[in-house]
Every structure is written in C-alpha cells, then in structure tokens.
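Chemist: Each chain, written out:
2 protein chains.
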Amino acid sequence: MQDQGVTAKPLTEKQLTVLLAASDVFLEHGFSAATTDMIQQRAGVSKATVYAFRTSKEALFIAVIEHQCAKMTQAVRNILPASGDLEGTLKKLGLAYLGIIFSLKGLALYRVVMGECQRFPALGHIFWQSGPATIVKMVEEYLQNAVQDGDITLQRTGTHLAARQFVSLLRGEAYNEYLTHPAAIPTDGQIERWVEQAVDTFLRAFRCSEKPAV
Amino acid sequence: MQDQGVTAKPLTEKQLTVLLAASDVFLEHGFSAATTDMIQQRAGVSKATVYAFRTSKEALFIAVIEHQCAKMTQAVRNILPASGDLEGTLKKLGLAYLGIIFSLKGLALYRVVMGECQRFPALGHIFWQSGPATIVKMVEEYLQNAVQDGDITLQRTGTHLAARQFVSLLRGEAYNEYLTHPAAIPTDGQIERWVEQAVDTFLRAFRCSEKPAV
DNA sequence: GTCTATATGAAGATAGAC
DNA sequence: GTCTATCTTCATATAGAC
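Residue numbers (our numbering), protein chains in the order written: chain D, 1 to 214; chain L, 1 to 214.
None of these hints come from the bench; they were simulated from the model. Check the hints yourself; a few may be wrong.
What the hints assert, rightly or not - Derived DMTMM-like pairs: lysine to aspartate or glutamate, alpha-carbon spacing no greater than 25 Å straight-line:
id	chain 1	residue 1	chain 2	residue 2
1	D	Lys137	L	Glu177
2	L	Lys105	D	Glu177
3	L	Lys57	D	Glu58
4	L	Lys71	L	Asp151
5	D	Lys57	L	Glu28
6	D	Lys137	L	Asp200
7	L	Lys137	D	Asp200
8	L	Lys71	D	Glu177
9	D	Lys137	L	Glu140
10	L	Lys91	D	Asp200
Stated by the list, open to error - Short, incomplete list of chain L residues facing chain D, as computed with Cβ under 10 Å:
id	residue
11	Pro10
12	Thr12
13	Gln15
14	Leu19
15	Glu28
16	Ala108
17	Tyr110
18	Val113
19	Leu123
20	Ser168
21	Ala174
22	Tyr175
23	Ala198
24	Asp200
25	Leu203
Don't be surprised by glycine CBs; every beta carbon is placed ideally from N, CA and C.
Could you put the whole structure together from the sequences, leaning on the hints where they help?
Modeler: Here's what the structure looks like:
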C-alpha cells in the first residue's frame with residue numbers, strides 16, 4: 001500500500017512516469033501477461049527504478065488499478081447535468097457516463113478488472129464502487145428530485161432499483177458488444193442514439209402519466 | 001483447431017479428462033496465470049498426455065473456451081418458454097437465462113473471456129455470439145409473435161433494440177455486482193425478483209395500452 | 001536514487017523408455 | 001499413447017557500482 005488513499009502522495013516525475021507506463025502495459029495485457037520488462041522499457045527507466053516505486057509487480061498493479069478507478073470516480077462525479085427538466089438531465093448524464101465507459105481506457109479497465117478480480121478481490125470491490133455504484137447513486141439523487149417535482153413516480157420499484165434499471169438501459173447490450181470486440185469504440189453519434197433510446201424507454205416506464213398501479 | 005466445429009470429435013476418456021481439468025483451471029485463473037502443471041495434476045495425467053490432446057497451451061485454452069461457449073449456446077437454445085402469454089414467456093425465458101449467466105461457471109467464463117479477449121480476439125467474438133447475441137435473437141422472435149398478437153408495439157424502437165433493452169434490464173446492475181464480487185452467486189429468490197422487475201418495467205414501456213406515439 | 005548485470009526460480013515444451 | 005525426467009527460456013527480483 002505504502003501511502004495510498006487519503007494522505008497526499010506527491011509523486012516525483014519518475015514515479016509518475018513509471019505509474020503511467022505501468023498503466024498502459026497492465027491495461028493492455030492484464031496482470032499476468034504483462035512483464036516488468038515492458039513497463040521498464042515503456043517508462044524509459046531501469047528495473048531498479050520500477051521497484052523503487054513499488055516493491056513488487058503485484059503492488060504496482062494494485063497501484064495502477066486504484067489510480068485508474070480514482071480517475072474514473074472523479075470523471076463520473078464531475079458530471080453536472082445543467083438542464084432543469086428530467087429528460088434533459090438524464091440525457092446529459094447518460095452521454096457523459098457512456099463517454100467515460102466506452103472510451104478505450106474505460107473498456108480496457110473493465111476487461112482487466114474482470115480478468116483479475118478473482119486473484120485480487122479487493123480490486124473488484126474498488127471498481128464496483130468507483131464506477132457502477134457511483135453513477136447509480138447520482139442517478140438516484142436526480143430521480144428523487146424529479147419525484148418531488150411530480151415528473152415521475154417510483155413507488156413500484158423504489159428509487160434505487162429505478163436508478164439501476166436506468167443505468168442498465170444506458171449501458172445496454174452495446175457495452176458487451178464493444179467489450180468483446182476490442183480495438184473498436186463507438187462514435188459519438190452512436191452513443192447519442194443509445195442515450196436517447198434508453199431515456200425514452202425509461203421515461204415511458206416511469207412517467208407519471210401512467211397510473212402508479214402498485 | 002484440429003477437428004473443431006461441425007465434424008464430430010469423439011473424445012477419448014483421457015482427452016475429456018484433460019479438457020474438463022483444463023476448463024476448471026482456466027476458468028479459475030485465466031490464461032496466463034494458469035499453468036500446464038495445474039492442469040496436468042488436476043487431470044491426474046502426465047504432461048505428455050496434455051500435449052497429446054492439444055499441441056500448445058494456447059490451443060488448449062481456445063478449445064476450453066470454445067467448448068464452454070458451445071455449452072452455453074446449447075443451454076440458451078434449450079430454453080423453451082411454455083406459457084402462451086407474453087408476460088409469462090418473458091419471465092420463463094428471463095429466469096432460465098439468468099440461471100445460466102449467474103451460475104459460478106457462467107460468471108467465471110465471462111470474466112475469463114473479458115480478461116483474455118484482447119490477446120485472443122476470436123474468443124470475444126465467439127462469446128458474444130454464443131451468449132448475448134443468441135438470447136437477443138430468441139427474445140426478438142418472441143416479441144415479434146407478441147406484436148402480431150397485438151400485445152405490444154415496437155414501432156418506436158424496432159424489434160431488435162427492444163429485445164436488447166429487455167436483455168439489458170434482465171441482466172441489470174446485479175450482473176456487474178456479482179462479477180466484481182467473486183465466490184458469491186445470487187439465490188433463486190433474488191433472480192426471480194430481478195426477472196419480475198425487469199419484465200414489469202419492460203412491459204410498461206412497450207405495452208400497447210400506451211399510445212405508440214412515434 | 002538510478003543504473004548495469006545477474007541470481008533464482010518457474011513454466012512451456014520435448015526426448016526417450018515402456 | 002502414456003509416463004518420467006529434463007531442456008531451455010524467460011520473468012521477477014536483487015546486488016553492487018555510481
């Protein structure tokens with residue numbers, strides 16, 4: 001661990017170089033197939049410098065995933081839907097979220113975490129909290145506002161499940177499709193269409209115009 | 001490849017032993033972290049027997065994933081919803097599908113494929129076709145029947161997207177949650193609730209009682 | 001702190017007996 | 001076809017100079 005987490009950790013230039021090189025290599029190859037030689041070469045430093053930053057390959061890998069997850073959390077938390085109406089809010093939020101998870105790095109991070117979370121269970125938890133759990137919580141808040149404004153009713157499912165269903169619709173089958181077809185990422189136009197279709201279906205299922213038949 | 005695919009391949013007893021042992025090891029550790037020693041020991045045979053079945057670790061891994069995907073396709077195709085009404089059909093289908101993908105092996109297969117589909121792109125394609133694409137096609141057929149019966153209208157999204165949205169709702173956030181928290185699998189009761197909630201939301205969004213406002 | 005060079009162990013694959 | 005024993009390669013990690 002070595003100074004992870006809350007306490008500040010002002011990385012030196014070389015340390016940052018190592019961390020970024022290790023990120024590239026681990027995100028591309030996963031833990032086991034990546035070698036410290038690759039990382040060393042990519043960073044342009046010697047092996048001793050790599051091991052001066054973290055004392056083992058495993059510790060380096062954990063640092064990389066924690067760093068990537070922290071970056072993702074930050075990106076998700078920075079989403080600030082401007083619009084006042086629910087539809088516009090959900091669309092802005094959806095666009096930003098899909099932009100993150102459908103990026104090359106977003107997809108690669110997901111693949112690596114899935115592949116290694118059996119060996120590193122802590123990383124599975126961290127990823128879950130950083131990504132899905134965070135966006136669901138944010139959606140939940142916006143939905144609760146919309147309930148108070150009378151736009152939608154969530155009595156049938158509860159706020160939490162409704163938020164989860166929205167995020168699932170948002171991600172959609174396209175997520176699995178692109179995860180299993182590496183090297184390709186969707187265009188902005190495709191993402192826009194997915195978002196509109198997800199928001200559309202969600203609002204049809206939860207809009208107040210329908211009777212909230214519990 | 002060596003006699004994969006359409007042509008029959010009557011595996012000898014030892015070959016099957018090796019294949020099953022390799023399946024266990026690869027599904028637990030992924031490709032790189034698994035060793036031929038583990039497979040050899042688990043199968044109770046010598047290393048020469050392992051290499052007599054497939055000529056390299058990579059070929060053995062491909063055989064394992066193809067076999068697991070074929071088994072999954074078979075399981076999905078065997079789902080035969082009995083009920084005549086749409087709601088019952090979707091529920092039966094959903095229950096069976098979630099039973100497959102939320103099993104220990106189903107979750108493990110997904111993790112391994114995700115982790116290795118960068119190195120083995122063909123396996124990503126195979127998995128996509130075996131799992132998500134297959135279930136979506138089946139849902140599509142049932143939805144089309146329901147449209148002709150006048151139960152639902154899919155003009156807004158088209159049949160294909162509607163089917164994809166249903167499958168996404170079905171899988172839900174729970175899928176990511178259990179993927180990132182290995183060793184745990186949901187109870188049958190939980191799966192039942194997820195299915196009911198997914199079907200409920202889906203039918204609310206697509207039922208004919210709503211005006212198909214294109 | 002950083003580099004070069006190296007020790008050490010492990011894993012994929014094979015040779016040769018039966 | 002199967003087993004025992006082994007070869008060879010390569011990756012993690014360290015020792016020692018600067």
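Chemist: Could you work out which of the previously given hints the structure breaks and list their numbers from low to high?
Modeler: 4, 9, 11, 12, 13 and 14
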